[in-house]
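4 protein chains.
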Amino acid sequence: MAKFEQLSERIRQFNKDREWDQFHTPVNLAKSISIEAGELLECFQWSDTDYNREDVIAELADVANYCVQMSQVLDVNLVDIINDKMDSTEKKYPIDKAKGVSTKYDKL
Amino acid sequence: MAKFEQLSERIRQFNKDREWDQFHTPVNLAKSISIEAGELLECFQWSDTDYNREDVIAELADVANYCVQMSQVLDVNLVDIINDKMDSTEKKYPIDKAKGVSTKYDKL
Amino acid sequence: MAKFEQLSERIRQFNKDREWDQFHTPVNLAKSISIEAGELLECFQWSDTDYNREDVIAELADVANYCVQMSQVLDVNLVDIINDKMDSTEKKYPIDKAKGVSTKYDKL
Amino acid sequence: MAKFEQLSERIRQFNKDREWDQFHTPVNLAKSISIEAGELLECFQWSDTDYNREDVIAELADVANYCVQMSQVLDVNLVDIINDKMDSTEKKYPIDKAKGVSTKYDKL
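Protein chains in written order, with this note's numbering: chain H, 1149 to 1256; chain E, 1149 to 1256; chain A, 1149 to 1256; chain Z, 1149 to 1256.
Just so you know, the hints here were simulated from the structure itself, not pulled from any lab data. One or more hints might be untrue.
[Said to hold, decoys possible] FRET-style restraints, in silico, Cβ to Cβ: (1) Z:Ser-1236 with H:Asp-1169: 34 to 42 angstroms; (2) A:Glu-1157 with H:Gln-1154: 54 to 62 angstroms; (3) H:Asp-1223 with Z:Lys-1151: 24 to 32 angstroms.
Backbone N, C-alpha and C define an ideal beta-carbon position, used for all residues, glycine too.
So that you can see chain H by itself, here it is in the shape it has in the complex (with noise of 0.2 angstroms):
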C-alpha cells in the first residue's frame, strides 16, 4: 500500500479507537482546518521570516490532517479531488498571461 493510503487508514483507525467519528461532522472539520489554519498563520504574525520551523512543520500537519478527514468523511479521495481542481486551474491561468503574475484569474 501506498504512503498516503497508508496514512489515510491510521488516522481512520485512530478515530475509530477513539469513537470520535461522532464529532467529525464536515462543518467540525471546516471549523477545525480554519483553526488550525489560524495557529499555522500565528507563527508569522509579527515577522514574515522570522519563524520556528519546528513549530510550522507541526501546524501544517494539523491542517494536513484535518483535510484528510473531511476527505474521508466526503467520502472522496485528497489527491484526486485535487488532481481534478488543477484540471480548471489550469484552464483558468494559461501559462503564457500567468507567468511572473500573481494576478487572480478574472484580471489576467
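Take the given structure of chain H and dock chains E, A and Z to it, following the hints.
Just chains E, A and Z, lined up with the frame of chain H:
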C-alpha cells in the same frame, strides 16, 4: 510513481511553468491556507447540514493544494510530517481516556 | 469623550507605551485578526451550543481590539466605515427580497 | 446618542427588518467573523505592502460589523468587553518588560 508523489510533481511543474515560486514564501502560503480555509467554512456559514457538496470538495482541494505547496517550500514530505504528528497525538490522546469525548488533551 | 473614543485612545496609548506600533503594519494586523478569529471559532469547534461564554467574550474582545487597531493604522474611524458599508449592504439586500432568507445577494 | 450606540441600533434594526436573527446564532457569527477575516487577509495574500486600501477598509468593516452583531447576540457591550480584556492585557504585558518586543506574554 505513487499517486501522491505524481500530484506533488504536477503542482511543482505548474508553479515552475508560471514562475510563481517567487510568490510562494512560507508566510504567503500560510496566509493562502487561512484564506482558502475561510472559503471552505463559507460553505457552512448559515447551515451545518445544507451545503453544496461540489463547492465543499473544490474548496477542500484548494486548502490541501496549498498544504502540499507549503510542504514543498519547507522541503518536507507532507505525508511524513502528518505521520510524525500522529505519533505525538496518539500519546496525547490515549484510547482509554479519550474514547467518546471531545475534550482537549490538557483537560483529559 | 464618548466611550468608543475613550477606548480607542486607551489602545493607542497602550501601544505607544510599549513601542509596538513598529509591529502593527496593516498586513500583521490582518494576520492577527484571522488568528484571533480562529481562537474565537475554537470555542465552538465540536459543539454549536455547548460553549464557554466567558471564553467566547474574551476572544471576541481580542478580534474587535485588533479591528480598532487596524482602523487606527489605516487612519479611518471604525464606526464610520461600518456605517459606510451598511449603506451599500442595505442596497444589496432590499427588505422585500432578503426577508427571512440567508441567500447571498448575488443569488437573490 | 453616541455614534457607536447609533450604529449598534442601526445594525439591530437592519437584521430585524430582514428577520435574520434566526441565522445569527453565536456559532454562525463566529464562522462569519472567520470568513470575513479571511477576505480581509486576502487583500494581502501575495504582498504585504501593495494592497487596495478601499478593499481593505470594506473588509475590515465586515469583520467589525459581525463583531458588533456577536456582542448583541451575547448581550454584552462590545466597548465594555474590550476594556475588560485590556485590563488583563495591561497586566500580562507590563511596560518595562514588553517595550519594543513582540514576544508573547508567556515567554516574557
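Against the structure, the hints come out as follows:
1. Taking 34 to 42 angstroms as the suggested C-beta distance range, the pair Ser-1236 (chain Z) and Asp-1169 (chain H) conforms, at roughly 38 angstroms.
2. The hint said 54 to 62 angstroms for the Cβ distance between Glu-1157 (chain A) and Gln-1154 (chain H), and at roughly 58 angstroms that hint holds.
3. Taking 24 to 32 angstroms as the suggested C-beta distance range, the pair Asp-1223 (chain H) and Lys-1151 (chain Z) does not conform, at roughly 51 angstroms.
Consistency note: the structure conflicts with earlier hint 3 alone.
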